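Protein chains in written order, with this note's numbering: chain L, 1 to 186; chain E, 1001 to 1267.
You may find that some hints are simply not true.
Listed next, the in silico DSS-like pairs over lysine-lysine satisfying Cα-Cα at most 27 Å (straight line) [unchecked claim]: (1) L/LYS51 with E/LYS1230; (2) E/LYS1230 with L/LYS84; (3) E/LYS1156 with E/LYS1188.
With the C-beta cut set under 8 Å, the calculated list includes, among others, these residues of chain L facing chain E [claimed, not checked]: (4) PHE81; (5) GLU83; (6) ILE95; (7) THR98; (8) GLN101; (9) GLY105; (10) TYR134; (11) LEU135; (12) GLN137.
Think of the hints as simulated: they come from the structure by calculation, not from any bench.
The structure presented is a predicted model; accordingly, all values stated were derived computationally and were not measured.
The beta carbon of each residue, even a glycine, is placed where N, CA and C say it ideally should be.
Now for the letters of each chain:
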Amino acid sequence: MSINSELINLIKVDIRDDMVEQLMNRFDEEIVSLEDENDPMRPSIFRDEFKNFLEESVVNSIQDFGGDISFGIGSEEKLGFSEKLDDTTTDGLRIIGTIMQGISGEYVLITADLAKSIFGSNYEGDLGRTGSAYLMQRRLYDKGVSMKNWPKIKSWGFSNFSGTPRFFDNIEIDIVKYITKLLGAY
Amino acid sequence: MKRIRTEDLSIHEYIKNEVLKDFIETDTAILSYMEDISSVGSYVYAAESTMAPSPVSLGRGWKYVDNWGDTTEQQFSVIVYDEYGAIISGSNYLIDYIDGRVICSDPNIIPYSVTYNWNYISVVDEWVLVETSEVPIVVVDISGFEKEGFQLGGGKRVPRQVTLHIFASDTAERDDIMETLYDGLYNKCCPNQLFNAGTLLDWNGTFNQNYAYSIISGSSSLRFENVKAKSISIPLLTIPNNEMMMLSDVNRYRARVQFEVFHWEEL
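From just these sequences and the hints, can you work out the full model?
Spelled out as structure tokens, the structure:
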């Protein structure tokens, strides 16, 4: 097996696990620690989904240019950061992406179930950019409560949150350790 | 004041009065007498502006120096007129630059109108203040730091991470502000001021006549590096099946500029 292939295997497992562990620690410290435990869409529910997403993103990002190998972690399209939203992304990743970007103002999280309860069970309209969950301004939702008897629900717990804009910054990789391990195989 | 506070103020001053200097608007407004807050020897007149956003909304205000770096009160940014259109000398009144008011001590001097320069972009230092101002807004958010030695012996390098959150009213404005901020920070620096006699404005919005420009002894200027700018979208916000909701949402046109600010200290 060539050294390039060995290096790719190292990235796919050891380095991936190292990076993901650091980010999951940040996830627990900077996001989960702030969640409302009564929120049915709280970030910790999507913890495994987010971890799998990070792991897959590392593997999917590996590019072998012959002498050089590049790789990254995360996906702007799946987290909803970029103008174009990945069609295959999930509510969980969009919720986490929104928390990372931060949002000003008070909002209610409209899930598909809530949308059907307030718009009618046959509602199949456009639920918004995200397809099945979106945020509605609190004052607009309150109008629905007073005029259309929408159910009274709490504001989304991450309303008025400044986000974690440096979440993906400064991931440390102990290159010496990995190179030593790689060369040790020869 | 603690060093992080003076750095925050130095950066805030630099961004508001130098980097965003092209976003200054001029307005002429009639002054109306405010009987309820006036008293003998203090006659208060407020400018009745029709501008949007309001020149006196949070984080804006009238310009109190003609140019960034000036240590004395402006001479040309605010001009007060009497009812005949004659200029009233600045020695006859105080100006509340935050609330947009002219305060006279002589009841015989009656200001009628004012022409003033004001800051179009609101610059605030707390995320929660975004809701109480009007776009465009820039939030200056200084976060973590880790001091490290930089030479043999004493002295250290003090870096801090800063994020500027931009909230604009459309994509063109957002991109304009983002690039202006980026250009104002990339390969640039600003003085690390001491503010030993307070900031340029007093608590009541008037110019601090005791203000003295001084920099921190044994400290370098504040230097900016690793500047990154990016427009951002919020994945859970709805798209135009309800246009009113989108158009009124402060989060619709956002961007972020991140950078590291650092200086060296002798001790």
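Q) Checking against the hints above, which ones are violated? A) none
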